[in-house]
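**Q** In order, the protein sequence lines correspond to chains A and B. Anchor point for the first sequence: position 9 equals 9 in the working numbering, and the numbering is continuous, going up by one each time. To convert, take the position in the second sequence, counting from 1, and add 1000; that gives the working numbering.
Among the clues, some could well be false.
[Stated by the list, open to error] Derived DSS-like pairs: lysine-lysine, alpha-carbon spacing no greater than 25 Å straight-line: (1) B:LYS1110 with A:LYS71; (2) B:LYS1392 with A:LYS42; (3) B:LYS1420 with B:LYS1140; (4) B:LYS1289 with B:LYS1255; (5) A:LYS86 with A:LYS97; (6) B:LYS1343 with A:LYS15; (7) A:LYS24 with B:LYS1420; (8) B:LYS1393 with A:LYS42; (9) B:LYS1291 with B:LYS1400.
Hints are computed from structural coordinates only; laboratory data are not their basis. Keep in mind it's a predicted model, so treat the numbers as computed, not measured.
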Amino acid sequence: MASPINKKELLHLAKLARLNLTEKEESKLLDDLREILGYIEKLNELDTSEVTPMNGGSDLQNIFRDDNNQKDTLRGQGRESFPETKDDSLSVPEVLKRHD
Amino acid sequence: MINLRELTIKNLHDHLVKKSFTALEITQAYFSHIKDSDKNIGAFLSLHEEQALQSAEKTDLRIAAGENIHTLSGTPLAIKDNLLVKNLPATAASRILEKYTASYDATVIKKLREAGSVFLGKTNLDEFAMGSSTENSAFKLTRNPHDTKKVPGGSSGGSAAAVASHMALGALGTDTGGSIRQPAGFCGITGLKPTYGAVSRFGAIAMASSLDQIGPFGKTVEDVAILFNTIRGEDPYDATSTNANYNEQKIINPKLEDVRKLRIGLPKEYFTHQMDPEVTTAIESTIDKLKNFKIEFKEISLPHTEYALATYYIIMPAEVSSNLARFDGIRYARREKALAGAKNLEDFYREERGQGFGAEAKRRIILGTFVLSSGYYDAYYAKAQKVRTLLKKDFDEAFKEVDVILTPVSPTTAFNIGEKTSDPLEMYLSDIFTITVNLVGLPALSLPTGYNAKLPIGFQLIGKHFREEDILGLGQYYEKLG
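Excised from the complex, chain B in its bound form (with noise of 0.2 Å):
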């Protein structure tokens, strides 16, 4: 009997070379187990199995042959529905793409079926990853495994909800302003946002250019470490993407000599923020524990702080209104309604937009527009980017004393579903402490403090720009600790 709550990316890699089971089995065992529990959690939007059972055979033929195989191989995943998988639905949960289907491979998912990889389904997500809840999706509601009263967080939530509940081994998912490192808090997960540029974003549905990246979910930091060591490096076709001078073995197996050098910052702005009393004692006991473990900390100052989500909610908009831009209701498929009722183009776009987009990426695209349009642009978008050159030296001059900053991934935990939707702002604020790292382009981990509470609570180790060995290794030491 294969139990699926104990299997790690890492040992299902040994278990598949000591032939204890086949990568077919496994990949059974995980349908059977989403058709049981997938109806509770609501994690996915699609499901592949014949694909999947397919690619899951080729690995078996490599192991029979007596191949080496990649540690990835055979290893069952899930996909964010804006990835795009060649064949497959990539609805964004937009209804504006409900009848699209991915015409070729994203550079991560090219990589990740090289080295044999398993792809389960594609998973919820808020609207074009626009919402820190999930709840923004078209077609589904997602709840945290851990409580189904919950949230799972977003807007990467069927992602985060499908590895908390072992209905995958790992997971991809996109970032742009917590939307990996959120949901893996809230669902007690591992969540990598990697360096702006160290992940190509081909074949991603783009949400705002400036901020997006790719990165990977996993139930440790190592399974984290190996999905990141896969999908990353120079793409020519994302001009973003930079061959940054990673060392693979530092990424996986890092040394205690090196995690013992790093010297860890406190923002003392993050910590004055209101949160709830619960994960300030979750953060202090994780704060205790690194400290047993002789790791140096140093209280440090972000003074700008206060000013991120502004900042974000002017250049996010802009760049959401020009990327969503090419959603015409013609290019990427059809909806119900047939061309010949509109009188021309323009009425064309704007009824077809209109139906196709939901509260929230209306709400951007309008907000988008404004702060791009003339005579407001130089209020709000170019202020906008000059407080963002302040965020990023904030971080220029901490990264002079410290290696590593420390802060909490969310104010709460995993709030109730329902409760944020009508007031955005306050859906915003939920955000407040992951927005600036996609502002400045840093890696960051969110991993759970392993405080025993009701419902899980994540941390967040933000490291330098391309030194995600910092920030992993860290993560890795931290997990073995208990």
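Looking at chain A on its own, in the form it has when it is part of the complex (with noise of 0.2 Å):
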């Protein structure tokens, strides 16, 4: 498969990424992307239509716990490297538009 790879792409990935770019990391950032995803088709030379796919890093299944109350002790911890505090809560940009 060819690198689909373009500009348009990579500024949507970026904006996915919540990343802004400079101009000049974008033109490095598609020069490396086309390298890196050139390489990475070497993997199209294998035939994994029969392979089950491996998940995680172990054979390990979901391990569950029971449920009990624990005592949070960390509640409140790193507040105070925050700028900007209101009654508890951390202050931070609007998140949705305010339709008055």
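Could you use the hints to bring the two separately framed chains together as a complex?
**A** Structure representation (structure tokens):
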């Protein structure tokens, strides 16, 4: 498969990944991604139609613990590194547009 | 006079117990050496002398009170800066975490703290552990102690360089594709990537969660075994950690009769790759030494080896893109800019992340977002997961015939600073011998061949799942061969 990455695609990915890129970064990234994706094409030499995918790093299945009450000792920690707080909450820029 | 060059964890413990010197004196000696030497090496991002001296004093009080102390009590350690130590910075060498202070101890740190270890400082790394040379750090360059024009390897380059230049007696790193083993090899020390699930990752800043493991560095295999034995174990805070049936005595004091029974496999695919002639010679001399030690060798095949790197460069960035989504410029301490300037939250995220992440982090986030995106998922991510199964089957088959697999750690010795920074694929290829182990979740030890070359040359022993005792045992006897 030919590498599908073009500038439009890259800008879309940057938006999805919540990254602002400079123009210089864009052109370097396009070159790098084309090279890396070109290398990755190698996997198409393998027929994997009968292979079960490996999910995660081991054969472990989901592990569940009992739903016990636990004392949350970390509540509030980390807040001190945040510049703006109000009534125990953190202030952030507008998330949803206001329609008054 | 304390000679830091000759200290190991084991003999420091003996000295402390015999009261040849105190833990406080040894910690002071390390800080004095760090202040002299680290300006040439650049291993540390932050030093924490006050806390370190306080914990050293605790060991001395226990000794004075006649209490038994843990082998690691009073041991001065360096900690990679992507592991959380309560109340200390944890930057992961990234601008986006420049102001972050850890609010809790990683489980491995908690265990070492309980043992009485002393944390000297936090070490440099490639940003978020992404790299093979430590050149991707947002803050500083780390140099190889054997030749300061060369890289120390990466991503745990600061930890490896600290131990190799006697600025710490041991260290912790993380290994996602070789980040402990390759710098250990480049710096001429020993490093262990434990089995996936052997060591809790709680409190490690995640890079690629199906691949990451925390592991130790040391000057000897025995020191690495002592550290591993202390940090391993199941942890309710990391659901992938398991309580494997380890035998403590066999990890620390392996028996010759057990080691002699081990059969070593040499995968032919690892020896056809283009390698420095000097690396080939060093590996051959290691094989000869082990053969003279009456260890049985067998040629084996891991037929899908050539597909490992491509598989890794799909799975790893996919996981990176989701793990790094949490760094929004808000939750883990703010950087310089005021919140007020942003029009809305999305713009704020894009601006903060755009400025806060370095080039390699951005490259992997974009690549990961791409391979997971609608329309490409099956062609890339799903395909890679299937090839991962094939890679695992290669090892399952091989381990029916042998107990341990021996390979080089890297195709070359430490390369020049700046040599590979402009070509990411060339940099990625330097991890060709270490990456498969992470994809398959196996334990692997990197240790010096002892071959007399200009720069250190390491070799790798790969074990079966949860059989660290085999590779650590073989490693301990190899060291004694001299």
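**Q** For every hint, state whether the structure bears it out.
**A** Against the structure, the hints come out as follows:
no.: 1; hint: B:LYS1110 with A:LYS71; result: holds (18 Å)
no.: 2; hint: B:LYS1392 with A:LYS42; result: holds (18 Å)
no.: 3; hint: B:LYS1420 with B:LYS1140; result: holds (17 Å)
no.: 4; hint: B:LYS1289 with B:LYS1255; result: holds (19 Å)
no.: 5; hint: A:LYS86 with A:LYS97; result: holds (21 Å)
no.: 6; hint: B:LYS1343 with A:LYS15; result: holds (16 Å)
no.: 7; hint: A:LYS24 with B:LYS1420; result: holds (19 Å)
no.: 8; hint: B:LYS1393 with A:LYS42; result: holds (19 Å)
no.: 9; hint: B:LYS1291 with B:LYS1400; result: holds (21 Å)
Checked against the numbered hints given earlier, the structure satisfies every one of them.
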